[in-house]
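S.K.: Whole structure, please, built from the sequences with the hints as guidance.
2 protein chains.
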Amino acid sequence: MPEHESLTDREAEALDAHWRALNYLTACQLYLRANPLLREPLRPEHIKPRLLGHWGTCPGLSLVYTHLNRLVSRRGQRALGVWGPGHGAAAVLSGAWLEGSYEELRPEVSRDEPGMERLFAEFSQPGGVPSHTSPSVPGSIQEGGELGYALAHAYGAAFDRPDLLVCAVVGDGEAETGPLATSWHANKFLDPVHDGAVLPVLHLNGYKIANPTVLSRLPEDELGSLMRGYGYDPLFVTARPDTPPLEAHRALAGAFDAAADRIGAIQRAARSGDADTTGGRPRWPMVVLRTPKGWSGPRELDGEPVEDTWRSHQVPLPGVRDDPERLRQLERWLRSYRPDELFDQDGRPRPEVLACVPEGDLRLGAVPEANGGRLLRELPLPPLESYAVPVERPGAGAHEPTRVLGELLKGLLEATAERRDFRLFGPDETDSNHLSAVYGASDRGWQAELLGTDTHLGRHGRVLEVLSEHLCQGWLEGYVLTGRNGLFASYEAFANLVASMASQHVKWVHSAREVAWRRPIAALNYLLTSHAWRQDHNGFSHQDPGFIDHVLSKSPDVVRVQLPPDTNTLLCVADHALRARDTVNVVVAGKHPCFDWLDLEQARTHCARGLGVWEWAGTERGDAGPDVVLACAGDVPTHETLAAASLLREWLPQLAVRVVNVVDMARLMSPTEHPHGLDDAEFDTVFTRDRPVIFAYHGYPWLVHRLTYSRAVHGQLAVRGYRESGSTTTPFDMVVRNGMDRYHLVMDVVDRTPGLGARAAGVWQRAADMRERHRRYVVEHGTDMPEVTDWRWPGR
Amino acid sequence: MPEHESLTDREAEALDAHWRALNYLTACQLYLRANPLLREPLRPEHIKPRLLGHWGTCPGLSLVYTHLNRLVSRRGQRALGVWGPGHGAAAVLSGAWLEGSYEELRPEVSRDEPGMERLFAEFSQPGGVPSHTSPSVPGSIQEGGELGYALAHAYGAAFDRPDLLVCAVVGDGEAETGPLATSWHANKFLDPVHDGAVLPVLHLNGYKIANPTVLSRLPEDELGSLMRGYGYDPLFVTARPDTPPLEAHRALAGAFDAAADRIGAIQRAARSGDADTTGGRPRWPMVVLRTPKGWSGPRELDGEPVEDTWRSHQVPLPGVRDDPERLRQLERWLRSYRPDELFDQDGRPRPEVLACVPEGDLRLGAVPEANGGRLLRELPLPPLESYAVPVERPGAGAHEPTRVLGELLKGLLEATAERRDFRLFGPDETDSNHLSAVYGASDRGWQAELLGTDTHLGRHGRVLEVLSEHLCQGWLEGYVLTGRNGLFASYEAFANLVASMASQHVKWVHSAREVAWRRPIAALNYLLTSHAWRQDHNGFSHQDPGFIDHVLSKSPDVVRVQLPPDTNTLLCVADHALRARDTVNVVVAGKHPCFDWLDLEQARTHCARGLGVWEWAGTERGDAGPDVVLACAGDVPTHETLAAASLLREWLPQLAVRVVNVVDMARLMSPTEHPHGLDDAEFDTVFTRDRPVIFAYHGYPWLVHRLTYSRAVHGQLAVRGYRESGSTTTPFDMVVRNGMDRYHLVMDVVDRTPGLGARAAGVWQRAADMRERHRRYVVEHGTDMPEVTDWRWPGR
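So the protein sequences, as listed, match chains A and B.
Following the numbering used here, the numbering of the first sequence begins with 1 at its first residue and continues without gaps.
Following the numbering used here, the numbering of the second sequence begins with 797 at its first residue and continues without gaps.
Heads up, some of the hints might be wrong.
Said to hold, decoys possible - Derived EDC-like pairs: lysine to aspartate or glutamate, alpha-carbon spacing no greater than 20 Å straight-line:
{"no.": "1", "chain 1": "A", "residue 1": "188", "chain 2": "A", "residue 2": "233"}
{"no.": "2", "chain 1": "B", "residue 1": "984", "chain 2": "A", "residue 2": "221"}
{"no.": "3", "chain 1": "A", "residue 1": "188", "chain 2": "B", "residue 2": "1018"}
{"no.": "4", "chain 1": "A", "residue 1": "188", "chain 2": "B", "residue 2": "1016"}
{"no.": "5", "chain 1": "B", "residue 1": "984", "chain 2": "B", "residue 2": "1239"}
{"no.": "6", "chain 1": "B", "residue 1": "984", "chain 2": "A", "residue 2": "220"}
{"no.": "7", "chain 1": "B", "residue 1": "984", "chain 2": "A", "residue 2": "222"}
{"no.": "8", "chain 1": "A", "residue 1": "188", "chain 2": "A", "residue 2": "454"}
{"no.": "9", "chain 1": "A", "residue 1": "188", "chain 2": "A", "residue 2": "443"}
{"no.": "10", "chain 1": "B", "residue 1": "984", "chain 2": "B", "residue 2": "1245"}
{"no.": "11", "chain 1": "A", "residue 1": "188", "chain 2": "B", "residue 2": "1017"}
{"no.": "12", "chain 1": "B", "residue 1": "984", "chain 2": "B", "residue 2": "1250"}
{"no.": "13", "chain 1": "B", "residue 1": "984", "chain 2": "B", "residue 2": "1029"}
Hints were generated in silico from the structure; no laboratory data involved.
M.R.: What follows is the structure in structure tokens.
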């Protein structure tokens, strides 16, 4: 156990006073609704009727809070705490209340007796403050419910903040999760020159809900080997139930000082240019902090041990309202912190308790990065005119949408080269997703070994690639939550890997909007490409458009889904997404050559509307309205729909066809369900109230039904989309298998449009024959027939 | 590099011949559709028009295949290969073809020239064999598309198979994923007495798609430290581009022999009873195998290095059909394996090539565990009568459904104590989910340190708990894929963590049904509890019923969702799920006290129907049909619905109310969409065609709309459910917030039922007042008002 010689007894006692105050405030949050200073003996009516909260993790969290305070105060080191054991919100709230950052944000939770009572009473109560860290907790950037992301968030927060120290407390329960287990490797992506430092504190609390934790039951040398294998230099601090707290304070102060010294040395070496930039990687420090679960709480209950076991996980003494003996036990426990020494007559913390607390924005509850919107700046997005592709007439040319987007992102990376507030994240798919243009402006960041054959890998890159969607997502969350901007580009199917993380981020943003002092943050942006329809060489496992459905189930004030049909529309929706605030944007676009339908001006108008009639593709005459509506959303469905419209123009020239393209899926919803929703009158103007609508949709067809079931035309709606039929096969075979090919759409039109007359049966058969011909060609040749559509739109 | 002295030159050469044969067959699968033995110089028409596949990982996979063969042959050790780099299906197919296991399953892919040509031609082609490992690959138990699960699958396969060695090849790309990173810790759960062994082979291929891999760029001592920290004893085998293959064979044979020796020693010690069962954990061996990516393939192309770089990831020589020089380069490459030495005139492998290949079911493509249905036995499920709760009349009593289910699971664990073919998996939630009865039949399995204070932790337990949903899911998948049975019990919200894994498993099962030789496997069963409505102390982050939506988007031949409304129905659906084959069953049930509605016999009938009218709860008279239908699915919605029906009985006694309860969500679908779907006539009989239907549903309300949009009554349907409104609050406040409380349902009935007359307005107001009164009570008291419903059903 390292020992810090310079910590005097007085300093140690002041630290202990701060820690005791946090423990007192925390325990009281679980139990009390009155009598906060224990001016009188506890009575049942002082106790909350429902006891809810998690005590077990709190004393350890509080210990870190105390010592991080000390580190910040002594060194003037700006620090952000990431509280992985987010069930311990009471500890973090206690810290913020004690240091005064909480009352600055919410004056009603004042640093005196009434404020203390309010702090206690509203914790974990209906209409009050949730029991997990949430946006209402000052200094916290993560929802503490779903575990696994503390370290990824910490690294995301540290990127491009060279002066920041991010201290991430990782619970030993959380450490068992997959996302956390791979997050340790994030040190291979942290640039000591441009990024801040991450100090992980692995908190060996010993137990989860009802089981011991894996890491706490390893021999210390094995755990040390694991941490060194992850690339860290571990410092061990161990407290047992019988360890005198002052000894623990000395040990932890010493470890934090040693860690800070090493971090400083690493950063000075890297930033002075002395460091070896091609070979060795710095070995960043980390702390393994072992403390008893529920330390300083009740030792036992009814003869069973509580402290240092899983029994202290939640409320360690239940039933105190009804059992006078238990109530006395609670009172003894609370008084063991000697509240009279900690708070004055009015309930204000005494000066010695606050000796370790830093000032102003250095306080952990006031650090601006924890309320990232305070630091967010408008992105210098380059003008789309520089990237837009020329479109003489619809379908005359073709581009790879993501490749052109890559140029825009390159421009953005160039424009932010100095500011460093935009990053691109991906699971080793930037090349595969045709975004490689970005390497013209930034390397891929990489701190591990470099070889002569490597290309576009460098120490200072802002494109981060690691084969972990969880890390990509966690980094991006940490980055935007602390006031920056970014984009996560992924294969569409594998966005589902982070479905749960996306939900939690949506919940965060939704809740943060209700917290007055939280400032808007940049949107979390997904580009989903290499999508279901074009997984020619990967097949079935790579086909899953369900992330759209998942996201559209979540808070409508936050979620946005855009399906740009071509290159210029992709530029427009990307530009919009990168400027957005407090949203989660899902943009789905292909990487393969795609016909250009709209020029930049048309694309802007179309994307601003979110959906619209493409008159040039239809065959309506006059004001009679269409006989049939062909609707589409997504690049491949748009292609097939326009091909079908083209065939119908030739084969059934008298038929009035309307072509509608949808970019913004939420436009299909009612305005009561989503802020982008169209009202019924507008909707009916576009889709009609009673004509057949054949809707070719990028994803699972039932999504369109669920978005439109209340519309007048819904009974006339037939949706084609991905129906879980796929394999390693050709692009056209994919649309055929799922009934979304142009011929099938034509057959749908014939089937569903009344009064087409005798000619229609022939058209149906012709489409069926061509479909079958194509199918046979694929089986025989292993490729699709060459595309023959020549898009003869009349006189534009 | 360890060296195995006993490997003679002749043995090494025979191994090399096998390896070369695999490489030849693999490369040809990517390129050729004719001329499989290169009888004539390659011409463009011999080449496939679309070149698809992944060469880079294959030579390393093949090397392991060769040496695993040797291990099995020499020792008679039954082994299962888990091929993590699943993009390398061509290598595994080559192995199965060469050893003859493939032709036994598919005689048309015979071990001769025509069969070889077929092997090549159908690989990665439309209508052929997918390019990733899939159910069509003999000897494989995992879909190779989504990476991260190889090691979890391997451990799942090894549990309760004491004689099996599972060799898991982990790609260094896959190793970056979160699920894989935590899977290494599975050795803390592997019982050396009752379980088989897992031999992980970390294959350092060096590159992913376009980036180096993290682990391949660590110093060897750091990587060794990581593996030792994970609890393994690593053996390093390294081959560089210039390493003579025979040297690599000697090294790998030596490492495999050393590993097998150590595994044998560990198992003998544990099984003889000599091992220390309280202290030290065995240190299982693992192999770090470094080979150049695309080893033995083209060294360079157009002056750029290909072998040993990311450029060999997919097809290393593109454009061979159009470029004569490239075509010659391909031919030189293929001939470098000296096919004449490997295959005879007829294309049959020569005997020396097969020297290392084991016989019969020991062949890697024929091992029964890889086609788990071959080994699956009917579970000895105890009779439900022993567990069912008595129900004198509906609502007279209440039980915690999962607690009673825990008794059934205990009975099943007892009945399988000898067979050991059933396991329970959970993320440290077995206690929390009220399933603790199972500890009466089995400990929780645990191989790390044991303390005197531990309870129900032991070396041989079949309840496995680790705070990683990915591990739980991966273990269960591996367990059922190899012919066993199991259940994964989780908090409902966090099932979303494994949404993507669930999709992939559904895809596997769906595809396996189309492979004639695959035998049905046991269902993959989820029990989702601690659900959205009862997260009183956790709040918003723990509320997400979206897993149901996710699952119901997938192949309807596989997915099943059951929402039992009470204890006896939970027993029935659990019993059914545990007997099911080739399905994925999601059962959602609460853990809190829940009124008992149906006795066992009624529950059986109701669950067999999947939905039904609860006449006793309604107020219909005669055959006139109802004025309004109250439908419900899920325990909390059922409770609120019955409470609403009870209020209506009192407040609007003339109103004919029908109560419908839905257990099997797929019953709402059309039979064309799901095999459990009701046809329209049946559906209309239950729900009517034209009466208002107020549907209280457990999850997101739009799911019910998407399942029923084509029904006649749909325009009359109002669905209440979870609408993303939650916090740390009381149970009743939760239903109020989301508009699903009994009072709101009554108000809905009044709003939507025509012709109710003057009295209705008063009823509406009364419900609104009671709702408001309850709301105020919650805010003032922090708890719900006591439940007052006394369920006075008439004369039952």
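S.K.: Hint by hint, say whether it matches the structure.
M.R.: Against the structure, the hints come out as follows:
For the given pair, residue 188 (chain A) sits about 14 Å from residue 233 (chain A) by alpha-carbon distance, which is consistent with the 20 Å threshold. Between residue 984 (chain B) and residue 221 (chain A) the alpha-carbon distance is near 16 Å, which keeps this suggested pair within the 20 Å criterion. Straight-line distance between C-alpha atoms of residue 188 (chain A) and residue 1018 (chain B) comes to about 13 Å, which keeps the hinted pair within the 20 Å bound. Between the alpha carbons of residue 188 (chain A) and residue 1016 (chain B) the distance comes to roughly 15 Å, so the proposed pair stays at or under 20 Å and holds.
Straight-line distance between C-alpha atoms of residue 984 (chain B) and residue 1239 (chain B) comes to about 15 Å, which keeps the hinted pair within the 20 Å bound. Straight-line distance between C-alpha atoms of residue 984 (chain B) and residue 220 (chain A) comes to about 15 Å, which keeps the hinted pair within the 20 Å bound. Straight-line distance between C-alpha atoms of residue 984 (chain B) and residue 222 (chain A) comes to about 13 Å, which keeps the hinted pair within the 20 Å bound. For the suggested pair residue 188 (chain A) and residue 454 (chain A), the alpha carbons sit about 16 Å apart, so the restraint of at most 20 Å is met.
For the hint pairing residue 188 (chain A) with residue 443 (chain A), the CA-to-CA distance comes to about 15 Å; that is within 20 Å, so the pair holds. Between residue 984 (chain B) and residue 1245 (chain B) the CA atoms are separated by roughly 9 Å; this keeps the pair inside 20 Å, and the hint holds. Taking the CA atoms of residue 188 (chain A) and residue 1017 (chain B), the gap is about 16 Å. The hint holds against a cut of 20 Å. A threshold of 20 Å between alpha carbons decides the hint, and for residue 984 (chain B) with residue 1250 (chain B) the separation of about 16 Å falls inside it, so the pair holds.
Simply put, residue 984 (chain B) and residue 1029 (chain B) have alpha-carbon atoms about 14 Å apart, close enough for the 20 Å limit, and the pair holds.
Going down the numbered hints, you'll see the structure goes against none, and every one checks out.
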